[in-house]
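Please build the complex by placing chain B on the supplied structure of chain A, with the hints as guidance.
2 protein chains.
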Amino acid sequence: MKHLPVIATLAFALPAAAQEAREPVTPASVVASASADEWVTISPEDILVMELAPDARGNERTVVIQLMSPPFSQPWVDNVRALAEAHWWDGTSVYRVQDNYVAQWGDETEERALPEGVVSPSTSFALSIAAVADFDANLEAMVSPVISNPSPSAYASEELFVRGWPLALGDMTAWPIHCYGYIGVARDYAPDTGTGAELYTIIGQPQRHMDRNLAVVGRVIEGMEHLSSLPRGTGEVGFYTQDEADLRTPIISVRLASELPEPPAYEYLASDSESFARYVEVRANRDDAFYTVPAGGVDVCSVQVPVRRVSE
Amino acid sequence: MKHLPVIATLAFALPAAAQEAREPVTPASVVASASADEWVTISPEDILVMELAPDARGNERTVVIQLMSPPFSQPWVDNVRALAEAHWWDGTSVYRVQDNYVAQWGDETEERALPEGVVSPSTSFALSIAAVADFDANLEAMVSPVISNPSPSAYASEELFVRGWPLALGDMTAWPIHCYGYIGVARDYAPDTGTGAELYTIIGQPQRHMDRNLAVVGRVIEGMEHLSSLPRGTGEVGFYTQDEADLRTPIISVRLASELPEPPAYEYLASDSESFARYVEVRANRDDAFYTVPAGGVDVCSVQVPVRRVSE
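Note that the protein sequences, when read in sequence, are chains A and B. Just so you know, the first sequence maps onto residues 1 to 312 in my numbering. Just so you know, the second sequence maps onto residues 1 to 312 in my numbering.
Only chain A is shown next, with the shape it has when bound in the complex:
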């Protein structure tokens, strides 16, 4: 906590035998030693690159988003792709930042015309287990077995990872989860489900009461700090007031990576891999130079799926 950088120094100071005995196994060390075939490429069609205006020091602010994998939330994800292809977000802004809740962006005026076909889908935020199984007969094989039972939750009968995404199960349905950095679709009252033009990301504790009430369409995989550190709005529920109009963060552009001349490339650690299982276990039972009392469990949102940038 205080002196993590000291770990390296300590290692040098110890005799070789003691060094080996104390070799700290941490979530990071498990991820670092995962084999190449345990990493899965994220398709450029599933990556959005959002350029915010530079910060006060003139530094670029790029936020990279991974879109939700099928079969979940796909009508909204299709809308998000259509909006990106239409360059619809260019010139909009992050206009609401509520502490320990959300940063929200899009067209605050709601006057900008949407691309043809981008409408609020008439469907549910959860899927039946049957529909999920229909989509992928191999579902069971892809489920990470580790997280489910040792870590009970207030929010679902079971929680697990499929294709690198945390999911909850209950009442014969499955649904995606609102963890830190996860992105959902703002909406008006039901039956409106939102189009995907106005998006929010969770900037504090998980907001699991939103699960099944709003569509989760993705997560931030790089540059999250550019959203989480924005000044909070003092208007109701974090909207910037008239006096704070200059606090809105302009969005220069949002593009699908597949549209960029030099798209950034990313991989995630397969959630059905041995290293992922080990990673969950070590997160639940820290026992290294710094942590001496293992928690004995881990919340699904505290198992952040490892994602890494790779050079082309």
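Derived by calculation from the structure, the hints in this document are not laboratory data. Remember, predicted model here, so these are calculated numbers, not experimental data. Heads up, some of the hints might be wrong.
[Said to hold, decoys possible] Some chain B residues well away from chain A (every beta-carbon gap over 10 Å; in silico):
1) W39
2) D90
3) V118
4) P121
5) S122
6) A137
7) G204
8) H209
9) E262
10) D272
11) A295
[Stated by the list, open to error] Simulated DEER-style distance windows between Cβ atoms:
12) M172(A) with S29(B): 43 to 49 Å
13) T41(B) with V119(A): 50 to 56 Å
14) A56(B) with V237(A): 45 to 51 Å
15) T292(A) with T241(B): 27 to 33 Å
16) A131(B) with R57(A): 47 to 53 Å
17) Q304(B) with Q242(A): 24 to 30 Å
18) A28(B) with E281(A): 36 to 42 Å
19) P71(B) with S311(A): 43 to 49 Å
20) P263(B) with V25(A): 34 to 40 Å
21) A53(A) with D55(B): 17 to 23 Å
22) A28(A) with A28(B): 16 to 22 Å
23) A36(A) with A131(B): 49 to 55 Å
A virtual CB, placed ideally from N, CA and C, is assigned to each residue, including glycine.
Chain B only, in chain A's frame:
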């Protein structure tokens, strides 16, 4: 999510009968209707007022902290009071901000001499149930019965609220929890437990793996956004680098409220009150104009204990 401010308008637009039928019961409405005798005064001896340097717009930044109640973490809490009385933090800074983790403050150089008697306590971060019961024979009566069983957790056999603080139980011990806005004592490797001179607060998801490994000494009850929105450090684990020295946030002063000429006054909603039980229930089962699928449970860290400022 999108149009919460519209609730008021809607209420006006509906005929009276429909209005009553739809009267939204929300966590906020439960808290607003709690009776005066369900609120408990926080002693000025348990409140710290931290003045950060004004922000870029010249706005004051005051962070108000409530210190942990007995019998938990008291050796560190005593140190924190002694440090505040010595005005020890005046002229120090917030020198580390790691995204989705902590903001940490104190004397980055670790060269400032500590007041006499402020040393790293030799004790455990958890207490035996017997010690807790010894401290307060009425413990059982003060426990909020609602949160325990309906909301299982990965981190403890039971979680509950005592005297307005979330606690975890297991292995015949009880310990305080690292939720959003909660403050702990930075330390070096064991057996060091930290003095309380270097403190951190959780600025993202709960960090429950820190429970029982570091001392929880309080929580932010006002002005949390002044810590959570600080720029993240790009150095290792969020320390500001040499090039980012100007990003450190100067601390003008930290005072016990009891030392201030006009101390701010606060109350918390008693966790053994009927309104608190109802508040937890509504948080677990949102069913209002916006949320239509109740979660059916709630994580202990998502039950933020209501605290309000009162005029003297």
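Do the hints match the structure? See the list:
A cut-off of 10 Å between C-beta atoms confirms that W39(B) is not in contact with chain A; the least separation is 22 Å. With 10 Å as the threshold on Cβ separation, the claim that D90(B) sits away from chain A holds: the shortest Cβ distance comes to roughly 21 Å. Its beta-carbon lying about 16 Å from the closest one in chain A, V118(B) satisfies the requirement of being farther than 10 Å from that chain. With a cut of 10 Å on Cβ distances, P121(B) stays outside the contact zone with chain A, its closest approach being about 16 Å.
Even its closest Cβ contact with chain A, about 15 Å, leaves S122(B) beyond 10 Å, as expected for a residue assigned away from the interface. For A137(B), the condition that its CB be more than 10 Å from all CB atoms of chain A holds, with the nearest at approximately 28 Å. G204(B), annotated as away from the interface, has a beta carbon of chain A within 10 Å; the closest lies near 5 Å. With 10 Å as the threshold on Cβ separation, the claim that H209(B) sits away from chain A is violated: the shortest Cβ distance comes to roughly 5 Å.
A cut-off of 10 Å between C-beta atoms confirms that E262(B) is not in contact with chain A; the least separation is 23 Å. D272(B), annotated as away from the interface, keeps every beta carbon of chain A farther than 10 Å; the closest lies near 21 Å. Non-interface status of A295(B) relative to chain A is broken: a Cβ of that chain comes within 10 Å, the nearest being about 5 Å off. With their beta carbons about 33 Å apart, M172(A) and S29(B) fall outside the hinted range of 43 to 49 Å.
Distance hint for T41(B) and V119(A): a CB-CB separation of about 53 Å, consistent with the stated range 50 to 56 Å. One distance hint, 45 to 51 Å for the beta-carbon pair A56(B) and V237(A), is violated here, with the actual separation near 24 Å. For T292(A) and T241(B), the Cβ-Cβ distance of about 30 Å falls inside the hinted range of 27 to 33 Å, so the restraint holds. The hint said 47 to 53 Å for the Cβ distance between A131(B) and R57(A), and at roughly 50 Å that hint holds.
Our hint of 24 to 30 Å for Q304(B) and Q242(A) holds, since their Cβ atoms are close to 29 Å apart. Taking 36 to 42 Å as the suggested C-beta distance range, the pair A28(B) and E281(A) conforms, at roughly 40 Å. Between P71(B) and S311(A) the Cβ separation comes to about 54 Å, which falls outside the hinted range of 43 to 49 Å. Between P263(B) and V25(A) the beta carbons are some 48 Å apart, a value that contradicts the proposed interval 34 to 40 Å.
The given range of 17 to 23 Å is respected by A53(A) and D55(B), whose C-beta atoms sit roughly 19 Å from each other. Take A28(A) and A28(B): their Cβ atoms lie about 40 Å apart, and the range 16 to 22 Å is violated. With their beta carbons about 51 Å apart, A36(A) and A131(B) fall inside the hinted range of 49 to 55 Å.
In summary, the structure is inconsistent with hints 7, 8, 11, 12, 14, 19, 20 and 22 from the numbered list given earlier, while agreeing with the others.
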